[in-house]
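Given the structure of chain G, go ahead and fit chain E onto it with the hints provided.
Protein chains in written order, with my numbering: chain G, 15 to 458; chain E, 15 to 458.
Worth double-checking, as some hints may not be accurate.
Put simply, identical chains are the same to the list, so a pair is met inside one copy or across any two.
[As the list claims (entries may be wrong)] Heads up, simulated DSBU-like pairs for lysine-lysine below, C-alpha to C-alpha not over 35 Å straight-line:
{"#": "1", "residue 1": "Lys385", "residue 2": "Lys44"}
{"#": "2", "residue 1": "Lys316", "residue 2": "Lys269"}
{"#": "3", "residue 1": "Lys102", "residue 2": "Lys76"}
{"#": "4", "residue 1": "Lys178", "residue 2": "Lys76"}
{"#": "5", "residue 1": "Lys244", "residue 2": "Lys313"}
{"#": "6", "residue 1": "Lys354", "residue 2": "Lys244"}
{"#": "7", "residue 1": "Lys158", "residue 2": "Lys269"}
{"#": "8", "residue 1": "Lys313", "residue 2": "Lys269"}
{"#": "9", "residue 1": "Lys57", "residue 2": "Lys44"}
{"#": "10", "residue 1": "Lys454", "residue 2": "Lys108"}
{"#": "11", "residue 1": "Lys163", "residue 2": "Lys340"}
{"#": "12", "residue 1": "Lys163", "residue 2": "Lys316"}
{"#": "13", "residue 1": "Lys66", "residue 2": "Lys16"}
{"#": "14", "residue 1": "Lys163", "residue 2": "Lys129"}
{"#": "15", "residue 1": "Lys244", "residue 2": "Lys340"}
These are calculated hints, taken from the structure and not from any lab test.
Quick caveat, the model's predicted, so the values are computed rather than measured.
There are 2 protein chains.
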Amino acid sequence: MKNIFIIGAGLSTPCLIEYLTERSEEYNWKVTVGDISKEMVEKRLQDCPNGKAIAFDVFNDKQRAKYIREADLVISMLPARMHYLVAKACIRYKKDMVTASYVSNEVKEFHQQAKENGTILLNEIGLDPGIDHMSAMKVINELKESGAKLSAFRSSTGGLVAPKYDNNPWNYKFTWNPRNVVVAGQGGAQFISHGAYKYIPYHKVFTRSQRMHINGYGEFENYPNRDSLKYRTIYGLEDIPTIYRGTIRRPGFSKTWQTLVEIGATDDSFIVENSENMTYRDFINTFLRYEEELTVEQKFAKYVGLEDDSIFMYRLRWLGLFEDKKIELKNATPAQIMQKLLETKWKLDEDDKDMIVMQHRFDYELNGEQKILESSMAVEGQDSICTAMAITVGYPVAIASKLILTGEITSTGVKLPTTKDIYEPILKELESFGIKFTEKEIEE
Amino acid sequence: MKNIFIIGAGLSTPCLIEYLTERSEEYNWKVTVGDISKEMVEKRLQDCPNGKAIAFDVFNDKQRAKYIREADLVISMLPARMHYLVAKACIRYKKDMVTASYVSNEVKEFHQQAKENGTILLNEIGLDPGIDHMSAMKVINELKESGAKLSAFRSSTGGLVAPKYDNNPWNYKFTWNPRNVVVAGQGGAQFISHGAYKYIPYHKVFTRSQRMHINGYGEFENYPNRDSLKYRTIYGLEDIPTIYRGTIRRPGFSKTWQTLVEIGATDDSFIVENSENMTYRDFINTFLRYEEELTVEQKFAKYVGLEDDSIFMYRLRWLGLFEDKKIELKNATPAQIMQKLLETKWKLDEDDKDMIVMQHRFDYELNGEQKILESSMAVEGQDSICTAMAITVGYPVAIASKLILTGEITSTGVKLPTTKDIYEPILKELESFGIKFTEKEIEE
Chain G
15 MKNIFIIGAG LSTPCLIEYL TERSEEYNWK VTVGDISKEM VEKRLQDCPN
65 GKAIAFDVFN DKQRAKYIRE ADLVISMLPA RMHYLVAKAC IRYKKDMVTA
115 SYVSNEVKEF HQQAKENGTI LLNEIGLDPG IDHMSAMKVI NELKESGAKL
165 SAFRSSTGGL VAPKYDNNPW NYKFTWNPRN VVVAGQGGAQ FISHGAYKYI
215 PYHKVFTRSQ RMHINGYGEF ENYPNRDSLK YRTIYGLEDI PTIYRGTIRR
265 PGFSKTWQTL VEIGATDDSF IVENSENMTY RDFINTFLRY EEELTVEQKF
315 AKYVGLEDDS IFMYRLRWLG LFEDKKIELK NATPAQIMQK LLETKWKLDE
365 DDKDMIVMQH RFDYELNGEQ KILESSMAVE GQDSICTAMA ITVGYPVAIA
415 SKLILTGEIT STGVKLPTTK DIYEPILKEL ESFGIKFTEK EIEE
Chain E
15 MKNIFIIGAG LSTPCLIEYL TERSEEYNWK VTVGDISKEM VEKRLQDCPN
65 GKAIAFDVFN DKQRAKYIRE ADLVISMLPA RMHYLVAKAC IRYKKDMVTA
115 SYVSNEVKEF HQQAKENGTI LLNEIGLDPG IDHMSAMKVI NELKESGAKL
165 SAFRSSTGGL VAPKYDNNPW NYKFTWNPRN VVVAGQGGAQ FISHGAYKYI
215 PYHKVFTRSQ RMHINGYGEF ENYPNRDSLK YRTIYGLEDI PTIYRGTIRR
265 PGFSKTWQTL VEIGATDDSF IVENSENMTY RDFINTFLRY EEELTVEQKF
315 AKYVGLEDDS IFMYRLRWLG LFEDKKIELK NATPAQIMQK LLETKWKLDE
365 DDKDMIVMQH RFDYELNGEQ KILESSMAVE GQDSICTAMA ITVGYPVAIA
415 SKLILTGEIT STGVKLPTTK DIYEPILKEL ESFGIKFTEK EIEE
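Isolated chain G (complex conformation) (with noise of 0.2 Å):
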């Protein structure tokens, strides 16, 4: 009998659990899974009668000891910052790893212990990061097998609403942080084009944004992440002349939000004096010129450039900014009003479904042919609790770390899942929950 030991039970994690306990008795495996809450534990394993819930506090010392000495893999569904501590215990105890975020530095210096230990810490291993690696891998390991020279690399995902349920006129819901959608973009954004270094600062990521198209579900648009520089070396495209990585909305979304960037209405260094007393519109007004004899309508349309009847300030109505109806919030800095705000217009319904789009396109030259090849995915969700983003980041975990147990992942150290070993079972696998890539050749 094998420990699996899950600490977490965020929304990210139903998939997840259901899939290990559902496997539990086949393969033989006790699947316990800790939260500082238990009740979220229960509640997630409601259905999941193989599991057993523990109530779990990852900073004490002795029951973060306990348990991870106990396990014989411990998967971390924990906020990023937090996996150093579990990391540190495993390689202690010499236990296998697996989690969805960013690999840190810290869990980095881990590498050769970790070999020594013949255990593998294996790391973004969600969607994005997850996914989005191990496919862009297997076309990229696949074209430079027939050798095709890569030119470009673009790749983009999106937590989107599913199209059913996409009622609003930004096309757009929250489905998964309201926080880091508001505040997106706030680091600038660098890129590589035809050779050349870009650097986008915060007031510009939302003009750059590109349209795309995905098969079967229409038209979106794409803007620029932080940093798509570090890419290269993880993907061994060191010189590759265009490398780009975007965030995937509705086509319209980036046009929209940027008038609010402009403004200043996104911005989250300073309080606004008297926040709670303002309303939307005295909140809008404190961005804008006085100009007596224009509304603030006017007013904002003029300085970002728009027509007052132009779709775009239809959206900007929509969202009840113009209204004299009271924030309500106190202390509170622009992106705060704004997510107030949007938290109300934007919000997922009960019966609402979400879903996850991922493209990447890749432009290469093979026998002196110049060729695009793009490669989709869309994922809609099940239901409130079996979201897309539940499915996309859970099962590519759980399916890695039934691999890792059963020994068909044998990699050990500190890993990423972009060698085929690890991509190649674990894409395989997730066809079957219907996350797959569909390539297409394109022509520019």
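Then chain E, alone, in the frame of chain G:
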């Protein structure tokens, strides 16, 4: 005999040192000037036979204690963050102190002790802060005494090149710290307009400039300063519906500079990869889209919404921003790259003279009538030592020091020059040095 101890012999001190040493026999003063560089002091004292030069390190506890204990009045012309050490010693040894810098919260804490000592720590008695406080408070108090009700106070200051030497298309040269000019506005701006708070993010600051006129000097513009709000309390204008502080430039400066802010060329938050081998043209191109069919100039103009043959593009071309000249600066931020270029292009030539301009505008109601009063000042530099900056910073400090030593200023505690007993005699004597405000009623 009274001992005056001046700490710091930098660019803003020559007029100050000259004023006090010239009067040292008449008033029976001994003037000691200390600087980390004794050479610098000796240079300043060349034509001032009555001053004594010493090498002085403010961080040397023993030396600090010795010289401050021996002094009757200490003038700190050190960088602002070092005043605290001097103030602390002045409190301990019960000495008067004068500085031209913004008073820090730490120094404010000495108020009660200074009162008990019967000494004054007079701060913000240079140009800006300094002359701005005094000249504004004079008018504000006169208006209040006449029964006027102030509805708006706007105040702007600028350091520029004197008209005779104003011969570049930006109508601007560096007359002070270049770095401060390159990163100006990076905290955004806050002011109050017609009863409403206004928050301007950095990338909009230079779009919010306003035109102004100064008699005898022609047209200018001013862009909003970081924080106008604190002047409400300082000037006793707590309920004023409009309060604004700006920085003065010649017309067109802001709109042109804005294009550099907009593309991200003044960013100081990241290092440009391979900056030493880049040309300025490459540098500008890192912020622009890849568009094969357009030149860098054309892409720039399109990106920021300018005509390629406009005066704005002419100013940018004149800087050499589009030239294939190597930057030769390692691991530099965009702001550092811009600074290096601008230091060659906006350099004040040997024979050039600088200029300080300041203007306050007061909107008020008196006897049922709406009126506007403008109070303006312009001072040109005399030579490369007695610059307008040295004149306008040095004389207020010098005169205030004299008035404290002669007992004409009797206030005690931590003070700003916002009360009549301080500003009246200083403003009066400043006129004899050509620092004079002209008041004028204007129409809206």
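Intra/inter-copy verdict for Lys244 and Lys340 if alpha-carbon distance must be at most 35 Å: between (44 Å within a copy, 26 Å between copies)
Between copies, within a copy, both or neither: which fits Lys354 and Lys244 at Cα up to 35 Å? Both. Shortest intra-copy (34 Å) and inter-copy (29 Å) distances satisfy the 35 Å Cα cut-off.
Within a copy, between copies, both or neither: which one fits Lys158 and Lys269 at a CA-CA cutoff of 35 Å? For Lys158 and Lys269, neither the intra-copy (37 Å) nor the inter-copy (49 Å) Cα distance is at most 35 Å.
Check Lys102 against Lys76 for me: Cα-Cα at most 35 Å, and say if that holds within a copy, between copies, both or neither. within (14 Å within a copy, 50 Å between copies)
Is it within, between, both, or neither for Lys178 and Lys76, if the alpha carbons may be no more than 35 Å apart? neither (49 Å within a copy, 78 Å between copies)
Can you give me the call for Lys57 and Lys44, within, between, both or neither, at a CA distance of at most 35 Å? Answer is within; shortest intra-copy Cα gap is 18 Å, inter-copy 83 Å.
At 35 Å max between alpha carbons, let me know whether Lys385 reaches Lys44 within a copy, between copies, both or neither. neither (49 Å within a copy, 84 Å between copies)
Classify it for me, Lys163 with Lys129: is the Cα-Cα distance of at most 35 Å met within a copy, between copies, both or neither? For Lys163 and Lys129, the Cα distance is within 35 Å only inside one copy (33 Å; across copies 78 Å).
Up to 35 Å CA-CA - Lys313 versus Lys244, copy category: between (41 Å within a copy, 27 Å between copies)
At most 35 Å between alpha carbons: which applies to Lys316 and Lys269, within, between, both or neither? both (15 Å within a copy, 17 Å between copies)
Within, between, both or neither, where Lys163 and Lys316 count as close if Cα-Cα is 35 Å or less: between (48 Å within a copy, 33 Å between copies)
Cα distance capped at 35 Å. Does Lys163 pair with Lys340 within a copy, between copies, both, or neither? between (58 Å within a copy, 31 Å between copies)
Comparing the model with each numbered hint stated earlier shows that hints 1, 4, 7, 10 do not hold.
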